[in-house]
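A.B. asks: Next come the chains, spelled out residue by residue.
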Amino acid sequence: MDRGLARVLFVDLSRHRFWLEERPELFRDRLGGTGVGIELLHERCPKGVEPLAPENPIVFAVGPLTALFPLASKTVALFKSPHTGNLGESHCGGRSALAIRLAGYGAIVIQGRSELPVYLVITEAGVAFRDARALWGLSSSFTVGRIIREREGGAGLRTILRIGRAGENLVTYANVVAESYRHFGRLGLGAVLGSKNLKAVVIAGRGRIPVANRANYNRLYKELFDKAVGSELLKKYHDLGTPQNVRPLNAIGALPVRNLAAGRYVGEPPFTGEFLAERYLGRRLACAGCPVACIHLAALREPYPAEPYFYKTTFVSYDYEPIYSLGTMLGGEDPEGYLKLMDVVEHLGLDAMSCGVVLAWVTEAFQRGLVGERETGGLLPRWGHYPVYIEMVRRIAERQGEFYDLLAQGVDRAAQRYGGEEFALAFGGNEMAGYHTGPGAYLTLLSGARHSHLDSAGYSCDQQDLRAGRKRAPEELARTLFSEEARRQVLASLVICFFARGLYDLPTCGRCLSALGEPWDEEALLALGEDILRRKYEFKVREGFSLPALRIPKRISEIPTPLGPLTEGELRRGLAELERLLSPSQG
Amino acid sequence: MPGRLSVVDVERCVDCLLCAFACSRRFGEGGVARSAIAVRSVGGMERGFVVVVCRACSDPPCAAACPVGAIRKAGVGVRVDLEKCIGCGMCVQACPIGAVFWDEERGKPVICVHCGLCASFCPHGVLAFQEVAGG
Ligand code: SF4
Ligand code: SF4
Ligand code: SF4
Ligand code: SF4
Chain Y
1 MDRGLARVLF VDLSRHRFWL EERPELFRDR LGGTGVGIEL LHERCPKGVE PLAPENPIVF
61 AVGPLTALFP LASKTVALFK SPHTGNLGES HCGGRSALAI RLAGYGAIVI QGRSELPVYL
121 VITEAGVAFR DARALWGLSS SFTVGRIIRE REGGAGLRTI LRIGRAGENL VTYANVVAES
181 YRHFGRLGLG AVLGSKNLKA VVIAGRGRIP VANRANYNRL YKELFDKAVG SELLKKYHDL
241 GTPQNVRPLN AIGALPVRNL AAGRYVGEPP FTGEFLAERY LGRRLACAGC PVACIHLAAL
301 REPYPAEPYF YKTTFVSYDY EPIYSLGTML GGEDPEGYLK LMDVVEHLGL DAMSCGVVLA
361 WVTEAFQRGL VGERETGGLL PRWGHYPVYI EMVRRIAERQ GEFYDLLAQG VDRAAQRYGG
421 EEFALAFGGN EMAGYHTGPG AYLTLLSGAR HSHLDSAGYS CDQQDLRAGR KRAPEELART
481 LFSEEARRQV LASLVICFFA RGLYDLPTCG RCLSALGEPW DEEALLALGE DILRRKYEFK
541 VREGFSLPAL RIPKRISEIP TPLGPLTEGE LRRGLAELER LLSPSQG
Chain P
1 MPGRLSVVDV ERCVDCLLCA FACSRRFGEG GVARSAIAVR SVGGMERGFV VVVCRACSDP
61 PCAAACPVGA IRKAGVGVRV DLEKCIGCGM CVQACPIGAV FWDEERGKPV ICVHCGLCAS
121 FCPHGVLAFQ EVAGG
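Chains as they are written, first to last, in my numbering: chain Y, 1 to 587; chain P, 1 to 135.
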């Protein structure tokens with residue numbers, strides 16, 4: 001193995017010190033990424049620690065395939081989440097993974113709290129601590145990136161990870177932005193950076209990675225590259241991107257609209273991938289190392305109000321999930337309104353998904369009279385009315401007054417205070433993703449280690465079942481989800497983008513590792529995946545998580561899914577089976 | 001038949017860097033340490049990119065600048081004689097488009113040899129490798 005991968009860089013922000021540890025066994029046994037990261041988290045995160053305390057570590061980890069194979073483009077971040085109070089895990093591409101690996105590290109662990117705001121510059125030579133006082137409080141995460149880019153110059157492959165106002169103000173679903181349009185989106189990594197007085201992390205590297213078997217490596221690279229560019233995958237995610245899902249989900253009634261008052265728009269939804277591409281698509285981008293280029297930027301042309309024939313063009317990235325959360329969940333009818341809201345959310349550095357679900361809850365709670373103008377500070381939220389939503393997210397990012405301060409902690413906290421839990425759409429404390437497809441989707445959100453639709457992709461099981469005209473027993477569904485989540489632990493350890501899951505089956509992962517001189521077979525990889533998953537569950541339980549204690553909002557059983565109405569009973573049965581599979585004695 | 005690498009449609013570039021990785025794979029290694037091609041954004045990702053790679057000058061300034069004659073003109077582009085090269089970096093200064101890259105480990109320049117490998121890994125039709133009659 002490349003020896004650089006086994007190097008773990010530790011940064012202590014309290015004392016402005018850093019040191020290296022060589023951990024070859026750790027990387028040999030757990031590959032990298034999430035497999036290594038969860039072990040470092042168990043080691044470094046004190047039990048019961050307050051997530052915004054200096055002791056909570058941030059672990060960034062890459063893997064053995066990073067910078068070597070196509071679509072091995074992601075960095076995994078692990079931390080204790082200020083949003084859910086247990087495992088925080090988030091994945092991000094851009095140039096982050098390649099920069100870390102080419103700087104000569106397999107993982108970076110950041111602890112402590114700097115007395116003054118700083119940003120870090122990490123290179124082969126180590127860590128520089130730079131004064132960030134002038135960057136603290138800037139209204140836009142984009143500006144922060146621009147200033148640092150100018151100031152740091154520097155050769156090699158570089159990433160700039162930074163937070164916006166939301167992270168500074170410890171909004172529990174603040175994100176970290178990379179390369180302007182990529183994110184560590186969910187579970188509040190941005191707030192953890194904010195709590196450490198850490199405005200940004202710049203990582204630059206230009207090392208080379210030796211390969212054990214060059215001929216095999218080159219051949220395998222070509223094979224995977226050809227498969228990727230020849231596949232449906234590339235076409236689907238390149239042409240329209242993830243928003244191509246809007247139409248089919250609407251057609252089957254699985255698209256949450258107006259806080260899931262409905263599962264579809266009557267007629268064509270206003271934000272289809274096709275429409276956005278035709279009207280607004282301005283540019284596509286890829287993460288470094290990825291041929292797909294799934295990132296789509298809309299070019300929004302707006303006139304200056306006072307000057308005729310003067311326009312500014314803003315680029316806004318759009319994806320299925322934010323279209324759901326800031327578009328359909330808010331009953332939007334106007335694509336430009338949605339794009340403007342998305343732009344503000346990006347600049348403030350908020351997780352677009354949680355943010356949209358919070359606004360949807362507010363709108364319904366306001367309609368039902370649970371909250372009034374006194375709480376909202378005179379704002380009148382109503383479906384699809386974007387100027388009010390834009391003002392609300394600004395107040396959330398600033399945590400203005402008691403109401404917005406609570407909204408800044410997610411929909412669970414808000415509903416505990418004001419009521420409306422039956423339509424507060426969070427699972428395990430994390431706001432839901434945009435798939436009202438059936439029991440699979442909700443079992444994933446409830447049981448997944450990150451409470452993310454990507455954990456075990458139950459929405460995809462549901463759609464398969466719908467096509468096949470069958471419905472599985474909850475226990476069978478639970479077993480399918482468990483093995484899918486275990487398999488994804490391997491990808492997240494290597495670290496491969498989940499969009500390439502069809503390309504990298506376990507035997508292929510084994511072949512890639514062999515070309516690098518690391519013999520792993522399918523069976524060993526699968527066993528590792530299951531073990532990683534159980535280690536995560538162990539961490540969650542250690543921090544107070546309990547599957548049986550999860551709240552299931554009534555709203556999801558009130559609107560039938562394409563597979564029929566849901567019952568809480570069937571979800572509880574699935575959860576019981578998952579609890580059995582996740583318990584350590586099964587390992 | 002010798003060929004020439006050219007940048008045919010930079011507007012389609014998505015910053016995937018597969019070209020730079022392909023170039024380093026010539027040496028059977030990962031990363032971009034010895035790549036002779038680079039992609040830079042022009043004032044923010046959303047405004048597009050430039051691909052920096054040797055344009056095969058007919059009268060190459062890099063060769064003229066080399067004090068020891070280590071760079072000679074080839075059929076297409078130039079070749080560096082690494083034995084002769086003393087690592088002074090004059091060629092880096094001389095190339096008007098910044099296409100002489102630097103191998104930090106060896107302290108020697110890296111210049112595109114117009115082999116075309118990167119073009120076959122550019123998924124979006126930005127690069128093309130065109131045969132040159134006669135060489
Ligand atoms: S390296 Fe620069 S100066 Fe030399 S031939 Fe190429 S483009 Fe011309
Ligand atoms: S670095 Fe080498 S090739 Fe370049 S000018 Fe100096 S001696 Fe010539
Ligand atoms: S043509 Fe060959 S040497 Fe030149 S940049 Fe492409 S891969 Fe590198
Ligand atoms: S491979 Fe093509 S699209 Fe990708 S960065 Fe290079 S030139 Fe741009």
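It cannot be assumed that every hint is accurate.
Just a few of them, taken from the derived set where beta-carbon distance is under 8 Å, the chain P residues facing chain Y [what the hints assert, rightly or not]:
| # | residue |
| --- | --- |
| 1 | F21 |
| 2 | E29 |
| 3 | G30 |
| 4 | R34 |
| 5 | D59 |
| 6 | A94 |
| 7 | P96 |
| 8 | I97 |
| 9 | F121 |
| 10 | H124 |
| 11 | G125 |
| 12 | F129 |
| 13 | Q130 |
| 14 | E131 |
| 15 | V132 |
From chain P, some residues computed to sit far from chain Y (all C-beta separations above 12 Å) [what the hints assert, rightly or not]:
| # | residue |
| --- | --- |
| 16 | V8 |
| 17 | R12 |
| 18 | A20 |
| 19 | A22 |
| 20 | R25 |
| 21 | R26 |
| 22 | G28 |
| 23 | G31 |
| 24 | S41 |
| 25 | A56 |
| 26 | V68 |
| 27 | G87 |
| 28 | P123 |
Read the hints as simulated data drawn from the structure, not as lab findings. Ideal Cβ positions, reconstructed from N, Cα and C, are used throughout, including at glycine.
A.B. asks: Each of the hints needs a verdict: does it hold here or not?
C.D. replies: For each hint, the structure was consulted:
1. F21: holds (7 Å)
2. E29: holds (5 Å)
3. G30: holds (3 Å)
4. R34: holds (7 Å)
5. D59: With a closest approach of 28 Å, the D59/P hint is violated.
6. A94: violated (18 Å)
7. P96: violated (19 Å)
8. I97: Not OK, violated: I97/P not within 8 Å of chain Y, min 16 Å.
9. F121: holds (6 Å)
10. H124: OK, holds: H124/P within 8 Å of chain Y, min 7 Å.
11. G125: It is violated, given that the least Cβ distance between G125/P and chain Y is near 11 Å, above 8 Å.
12. F129: Hint violated; F129/P Cβ to chain Y Cβ min 16 Å, cut 8 Å.
13. Q130: violated (21 Å)
14. E131: violated (21 Å)
15. V132: At about 25 Å, which exceeds the 8 Å cut-off, the nearest Cβ of chain Y leaves the hint on V132/P violated.
16. V8: Its Cβ never comes within 12 Å of chain Y, the nearest being 17 Å, so this holds.
17. R12: violated (8 Å)
18. A20: violated (9 Å)
19. A22: violated (9 Å)
20. R25: Incorrect as stated: the minimum Cβ-Cβ distance to chain Y is 6 Å, not above 12 Å.
21. R26: About 9 Å separates R26/P from the closest Cβ of chain Y, which leaves it inside 12 Å; violated.
22. G28: Incorrect as stated: the minimum Cβ-Cβ distance to chain Y is 3 Å, not above 12 Å.
23. G31: violated (4 Å)
24. S41: At roughly 9 Å from the nearest Cβ of chain Y, S41/P sits no farther out than 12 Å, so the non-interface label is violated.
25. A56: holds (24 Å)
26. V68: holds (25 Å)
27. G87: With a cut-off of 12 Å, G87/P remains clear of chain Y, as the shortest Cβ separation is near 17 Å.
28. P123: The claim breaks: P123/P does not keep its Cβ more than 12 Å from every Cβ of chain Y (closest is about 4 Å).
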